[in-house]
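K.L.:
Each chain is listed here by its residues.
Protein chains: 2
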Amino acid sequence: MAKGKLRIIPLGGLGEIGKNMTVFEMGNDALILDTGIMFPANDMHGVDYIIPELTYLLERKDLKIHGILYTHGHEDHIGAVDHVVKALPSGIPLYATPLTAGLLEYKLRDAGLRDTVVKTFKAGDMLQIGPFKIEAFHMTHSIPDCVGFAFDTPHGLIVHTGDYKFDNTPVDGRKPDYARLARYGEKGVKLLMADSTNSDQDGWTPSEAIIEPAFERVFKEAKGRIMVATFASLMSRIQQVANVSKKVGRKMVIYGHTMREYTKIAMRLGYLEIPESIVLDAGRISSVEPHKLVFMITGSQGEPSAVLSKLATGKQRNLEVQEGDTIILSSHPIPGNEEMVYRTINRLIERGANVIYDPLEDVHVSGHCRREEMRLMINLTQPQYILPVHGEARHLRQHGKLAVEAGVAANHVIISENGVVIDVDRNGVRKTNERISAGYVFVDGNGVGDIGRAVIHDREVLARDGFFLVAVSVDKNTGKLLKAPDIISRGFVYLREADDLLDSVRDTVQQVIENNRNGRRQEALEESLGRLLYNETRRRPMVFSIVNEI
Amino acid sequence: MAKGKLRIIPLGGLGEIGKNMTVFEMGNDALILDTGIMFPANDMHGVDYIIPELTYLLERKDLKIHGILYTHGHEDHIGAVDHVVKALPSGIPLYATPLTAGLLEYKLRDAGLRDTVVKTFKAGDMLQIGPFKIEAFHMTHSIPDCVGFAFDTPHGLIVHTGDYKFDNTPVDGRKPDYARLARYGEKGVKLLMADSTNSDQDGWTPSEAIIEPAFERVFKEAKGRIMVATFASLMSRIQQVANVSKKVGRKMVIYGHTMREYTKIAMRLGYLEIPESIVLDAGRISSVEPHKLVFMITGSQGEPSAVLSKLATGKQRNLEVQEGDTIILSSHPIPGNEEMVYRTINRLIERGANVIYDPLEDVHVSGHCRREEMRLMINLTQPQYILPVHGEARHLRQHGKLAVEAGVAANHVIISENGVVIDVDRNGVRKTNERISAGYVFVDGNGVGDIGRAVIHDREVLARDGFFLVAVSVDKNTGKLLKAPDIISRGFVYLREADDLLDSVRDTVQQVIENNRNGRRQEALEESLGRLLYNETRRRPMVFSIVNEI
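If you read the protein sequences in the order shown, they are chains A and B. Position one of the first sequence corresponds to residue 275 (our numbering), numbered consecutively onward. Position one of the second sequence corresponds to residue 275 (our numbering), numbered consecutively onward.
If we strip away everything but chain A, and leave its shape as in the complex, we get:
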């Protein structure tokens, strides 16, 4: 690695720093870490998902991007791979552990990007990507084959934890690589970039292991069918359902396209061990008694288009909730989704299901470390500097305070934001004044980036008060209305019951047209109507007018 300074630029993450993507640079050489998607906030109306803005990378034509490196296979770390690969110069190789590589290849194939090279490595491997020398170390999270990275730079080691918790009894038996972390600490770590997701929670996140006994309790009590809803990529959860299904003698139906594909990949690569004998094709459900069935389904966040929500509203083809079904939500609502999740639960209950969710049983645990694990991470790696990542402002502050308590110098705690360039050189690590454009790109339908703040703002106004439009035809000689105005309005009031209001609108239109024979009629109409509608209803719909002179 050249002797120049290293630049770190976190991108992506809706209000979180470096959650979905990070750029590492040495001179003109660059390396990308992760390419994930974000999920829209409730007021980002109509947005399907969000990808990090790539403007900076596209404008830095001088930059040689040597590779894209992946920590693990969750959507918020790999989901934007097709967008990124399409946007950047062709031929950049991807680097991932086998399971992550399998999921990446599936996504690339789906997007018609068959030429992209995905190179696999294993935890413990030393990678040389361009001038970057990186060691991968095994970490535990809620998907197998998860790694963090140690960047061996001329200015010292930079350790990036990726998403992690210290799970001493992980589902796949592969424990966190404490020894390697300790070795980094002994060698000396310049900078620790660490997961801050749960930094406002004391203690230690429970192991995934506590879930299996909870499943067993619920499975043994269930008299009818069982459905377990979780994320398609939560592989260890699928393994646990398989383990318990086998134990209690139930057949397992992997329901829904994505979950089936992901499961296939993980089974083929040896990351899921499900005996063929217990797997049942969805088409053969009727051949098995209800109390011998377990369904794995998606939609645990209440997403309207996923299986769980469709079951709740009776809209899932070929599958209906029955009295006596037991439905387990093996997940927590992501903030913003609570309302939809609880509504879904209530609807399932009203259809006769027994719905089990945390806190009723320990059917889910977070995949992210809590404060005690953060202390352990700092004590193992003994970093000179810390850059809390993967968290909102509130989480970064808490993580930073914890680091100081754990012995990191207060002026070595770097609380930063996406797009702010961080320099690492022989003088240390610091935030610079350089700030690159690091916003979000909304994906809606097949439009990528064609809706921005303006369109979202319009959607917000339309959502609140709707719109009101009048189209009038005016005689160009007399300046009088040729006929009654056409009125179109939606989301404002129920027009059929608003006769009085519509009469006032027609009067206003007539007056405005008569008083404004010389131009400005459109603006005058919109102003007057906006005022009238507000006075009558205290609402502010978007008001439009079309004036045709004939």
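Careful, some of the hints might be misleading.
When chains are identical, the list treats them as one kind, so a pair holds in a single copy or across two.
Unchecked claim - The list that follows gives simulated cross-link-like pairs (lysine-lysine, BS3-like), each with its CA atoms no further than 30 angstroms apart:
hint, residue 1, residue 2
1, LYS464, LYS360
2, LYS705, LYS497
3, LYS675, LYS566
4, LYS675, LYS521
5, LYS494, LYS675
6, LYS464, LYS525
7, LYS279, LYS393
8, LYS279, LYS521
9, LYS589, LYS705
Calculated directly from the structure, the hints in this document are not laboratory data. For clarity, every value in this text was computed on a predicted model and none was experimentally measured.
Could you slot chain B onto chain A? The hints should help.
P.N.:
Coordinates of chain B only, in the frame set by chain A:
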């Protein structure tokens, strides 16, 4: 009380049963319990608040409503009083404890309803309202002067807990009336109607008392100003802030109109004890050093129009967040508000504030009982029947299961819904097949009930994909376009960057007009344009057309 059967009809509550309003009937005599408002769900776009549908009461002209009885002064129990009083026959008296009465009178005055009689009673009083004989008993919650009711009917006692938790160390020192509850139990309770809000939470809700030491810790560490955000009606919290302010020598500024008015009422009636010497007028802030100030503000749910959110976005007049301010959120997000609350916290932190919220400190506890308290309530009152109220379907089920474990016969647990009439007679308590219309009325601006499902649905569609409208003028003789179509669209795509799409739209319009010389032009245009826009963008805006023949 006549010997006929008693009918109970729960109303209100967005997915919760009998949360905001309940009707009790004996023959033609009726009594109403509470008249609260609901807060809109995230997908009820533009709705300010929601009141229970009153159709049933308005249609039952034969019904003599003898009074409206109140449990306590929170918005979800009193907030719709003006709507209800205006809708029902005049002269119906309200019955409330003094603090609740004070808050009701303020609301009635505000709505110009000065003639309404509010009769006050005290916990322990026996009320005779028409043929209804009711005893009020003191309960603890998070506002003083909170009561439950025991209805003495010919078929036995009906005990309604109201909102409650068993707080053994309440802020005002007035403990729950265990003795009276136990006496009911000994006498024999036919039916218990009990708060189910936290029925999925084990243990016992902490006392309000734990908050004061937490405030004290935070107050002592704070170097600058302190701002405490909570609900305007959370009187005990305001008392606690006053207690600690006095102790540490800070002046207290009650900020915001509603909070000031509520505080005044509570002080006048003796429910808040704040020494005059520590209260500071908002106009005199500059006369006191920052580290001697505490502000009480509203907006702890992230409501965009309240003080806290305006501070977060820098839009509050005369008040700005400063580096070194400590801001306490003394509340939990109501499900659905999490995203806005956390966004607000992050913004405040980015403006330099130190933001304290649960779980960082014990600065809030729920006002509702948990499972252990529910068991105690059942063991004290020993009801023959239980009707879990104040909860969503998932809470009612849990409360019901708990009741069975506590000894209530499984077929005496009544899980019901709003609008379902429940009969109480000598044969017992049961759900009937009678179902009255018990929906919600949306209040938006000054419109009450003029937006219903159709308008909300339109707002949802507009929020997701916007609208697209073309207006065309056609020569009535040739059937040809007289000029290029007018196009108006919002919330769909950014039109200025959609030249290709607009060209396709113009081509389509021309084709459709030329191919449909004989009518159906409007429908044909909307169909063709909808298809074109979907094919090009995978979005489905509302499509409108106006065709003028000239």
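K.L.:
Compare the structure with the hints numbered earlier in the document and write down the numbers of the violated ones, lowest to highest.
P.N.:
1, 6, 8
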